[in-house]
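Participant: For the protein sequence lines, the chains are A and B, in the order given. Taking numbering that gives the first Met the number 0, the leading residue of the first sequence gets 0, the next gets one more, and so forth. Taking numbering that gives the first Met the number 0, the leading residue of the second sequence gets 0, the next gets one more, and so forth.
Mixed in with the good hints there might be a few duds.
A few chain A residues that face chain B, going by a derived Cβ cut-off under 7 Å, partial list only [stated by the list, open to error]:
1) A41
2) L43
3) N87
4) F89
5) F90
6) Q92
7) G93
8) A115
9) G116
10) S117
Far from chain B by the CB rule (all over 12 Å, computed), these chain A residues [claimed, not checked]:
11) L36
12) K37
13) K38
14) R39
15) V42
16) T44
17) V114
Ranges between beta-carbon positions, derived for each pair [unchecked claim]:
18) B:T11 x A:T107: 40 to 50 Å
19) A:G112 x B:H129: 43 to 53 Å
20) A:N87 x B:H129: 17 to 27 Å
21) A:T107 x B:V92: 20 to 30 Å
22) B:Q272 x A:T107: 15 to 25 Å
23) A:G112 x B:A110: 37 to 47 Å
Rather than coming from a laboratory, the hints here were simulated on the basis of the structure. On a predicted model such as this, the values are computed, not experimentally measured, just so you know. Note that CB positions come from ideal geometry on N, CA and C, so glycine has one too.
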Amino acid sequence: MHDDVETAPPPPGRRGRGGTASPGPSKAETVRRLHILKKRIAVLTVLGFGVLSGLVAGHHVGAAAQSKPAAPAATTVPAPAPSTDQGNGFFDQGGTSDQGGYGYGFGTGGVQGPVAGSGAS
Amino acid sequence: MQRVRFGAMGTTVSVLLPERQAEAGSAAVRDLFVHWEGTLSRFLPESELASLNRHAGEPVAVSPLLYEVIVTALQAAQATEGLYDPTLLRHLVAVGYDRSFATLPPQVPAAAGLPGPGGGWRRITVDHRHRRVTLPAGVGLDLGGIAKGMAVDAAVSCLRTLGADAALVNAGGDLAVHGCLPGGAAWPVLVEGRAACQVVLLRRGALATSGIARRHWQQGQQGRHHLLDPRTGLPAQSGLWAATVVAARCVQAEVAATAAFVLGPEEGARFLQERGLAGWLAREDGLGQAVGAWPAPVEDA
Numbered sequence: 000m001h002d003d004v005e006t007a008p009p010p011p012g013r014r015g016r017g018g019t020a021s022p023g024p025s026k027a028e029t030v031r032r033l034h035i036l037k038k039r040i041a042v043l044t045v046l047g048f049g050v051l052s053g054l055v056a057g058h059h060v061g062a063a064a065q066s067k068p069a070a071p072a073a074t075t076v077p078a079p080a081p082s083t084d085q086g087n088g089f090f091d092q093g094g095t096s097d098q099g100g101y102g103y104g105f106g107t108g109g110v111q112g113p114v115a116g117s118g119a120s
Numbered sequence: 000m001q002r003v004r005f006g007a008m009g010t011t012v013s014v015l016l017p018e019r020q021a022e023a024g025s026a027a028v029r030d031l032f033v034h035w036e037g038t039l040s041r042f043l044p045e046s047e048l049a050s051l052n053r054h055a056g057e058p059v060a061v062s063p064l065l066y067e068v069i070v071t072a073l074q075a076a077q078a079t080e081g082l083y084d085p086t087l088l089r090h091l092v093a094v095g096y097d098r099s100f101a102t103l104p105p106q107v108p109a110a111a112g113l114p115g116p117g118g119g120w121r122r123i124t125v126d127h128r129h130r131r132v133t134l135p136a137g138v139g140l141d142l143g144g145i146a147k148g149m150a151v152d153a154a155v156s157c158l159r160t161l162g163a164d165a166a167l168v169n170a171g172g173d174l175a176v177h178g179c180l181p182g183g184a185a186w187p188v189l190v191e192g193r194a195a196c197q198v199v200l201l202r203r204g205a206l207a208t209s210g211i212a213r214r215h216w217q218q219g220q221q222g223r224h225h226l227l228d229p230r231t232g233l234p235a236q237s238g239l240w241a242a243t244v245v246a247a248r249c250v251q252a253e254v255a256a257t258a259a260f261v262l263g264p265e266e267g268a269r270f271l272q273e274r275g276l277a278g279w280l281a282r283e284d285g286l287g288q289a290v291g292a293w294p295a296p297v298e299d300a
């Protein structure tokens, strides 16, 4: 009788009892591994391209949003302070008395009579 | 409180102080005003300002006081875009105001010629390092109004340094206060209008009035007053009789009142509002207009 016996190849690197070198992966195995590696590289390339494309697109959108002109008549945007004294601070009041500055302030209540007159210079 | 009065800078200066501080405080204020007048009067030939005016066209080294007032005047001119103009001396002389007002007759000869618009302040050069000032040839300084406002501020500062608990210094309507009246009350100040007066309570800061109630005269057939419009070089015809302004410092109130008077009721009110100042604009027709935080009158005088 003849039995079909399929003997598994020895694991790579394992040497035979006779001391001969193992033959290593077969050509077919090497081709198979290369094929798998190519597939993985292709997948990673596609994924990387997608990530980079997303980042670039996001950057463009942000830049476009920043350079977009302000909407007209935006009532919530505070108007700039008027140029009151050509920038030299001559009329700086340092805050009114209500704000705790040195400023000026008025009193309230009744009076006995004026202690000074405004006159006119 | 005790009041001390004396004459200086062409007006009456009034100082109100607690009794125990009145003698020393008023003496210090008097010395200050005498010094300022002697330096800054355009009517005193020996004053430093008169000397500078005589040397227009050449650089002149000036004292720290004159330097400070000139620099402040130039800042004020810039801040008002020339509505306040310290270089209208020739214009004032041309319309007849060529001597102190106390000696000015009610009728002066007609003008021989008028200089036209002002603006000479733009051509003044200041050497900050050497404290030298060069007036353009033909340009003279009149620092009367701004010097008075600055003197009031300096006087109040001096009194504060001397330890005064409270003080009011009033130089012909340019006034500033420090502290409060006994009991913590604010200072009642009478503000004149053409048709009626009112009293406002000033708690802090300064008040100044520019108006034509007092300093006016006749030149030939023309009625004149001392508040010139730098845009024409002639007495302003803005529809206002007086402009009273309250500000942190008297020099600010003085300059703002002058600018508002020149501009008239509408533009003057806008000018004050844009700068956060309070004021009362008394019109020639007798009506008045409160501006900014100007309070409701507490009493009709």
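Participant: So, for every hint listed, does it hold in this structure?
Facilitator: For each hint, the structure was consulted:
1. A41: 69 Å, violated
2. L43: Check failed: Cβ of L43 of chain A comes no nearer than 65 Å to chain B, outside 7 Å.
3. N87: 5 Å, holds
4. F89: 4 Å, holds
5. F90: Hint holds; F90 of chain A Cβ to chain B Cβ min 4 Å, cut 7 Å.
6. Q92: Holds, because the Cβ-Cβ distance from Q92 of chain A to chain B comes to roughly 5 Å (cut-off 7 Å).
7. G93: Holds. Min distance 6 Å.
8. A115: With Cβ-Cβ at 5 Å, under 7 Å, it holds.
9. G116: Holds: closest Cβ of chain B sits about 4 Å from G116 of chain A, inside 7 Å.
10. S117: It holds, given that the least Cβ distance between S117 of chain A and chain B is near 4 Å, below 7 Å.
11. L36: Fine: 75 Å to the nearest Cβ keeps L36 of chain A off the interface.
12. K37: 74 Å, holds
13. K38: Non-interface label stands for K38 of chain A: nearest chain B Cβ at 73 Å, farther than 12 Å.
14. R39: 71 Å, holds
15. V42: Answer for V42 of chain A: holds, closest chain B Cβ roughly 67 Å.
16. T44: 64 Å, holds
17. V114: Given that some Cβ of chain B is not farther than 12 Å from that of V114 of chain A, nearest at about 6 Å, it is violated.
18. B:T11 x A:T107: 40 to 50 Å: 29 Å, violated
19. A:G112 x B:H129: 43 to 53 Å: 52 Å, holds
20. A:N87 x B:H129: 17 to 27 Å: 22 Å, holds
21. A:T107 x B:V92: 20 to 30 Å: Hint violated: Cβ distance 46 Å, outside 20 to 30 Å.
22. B:Q272 x A:T107: 15 to 25 Å: About 22 Å separates the Cβ atoms of Q272 of chain B and T107 of chain A, which means 15 to 25 Å holds.
23. A:G112 x B:A110: 37 to 47 Å: 44 Å, holds
The structure fails hints 1, 2, 17, 18 and 21 (numbered hints given earlier, in ascending order).
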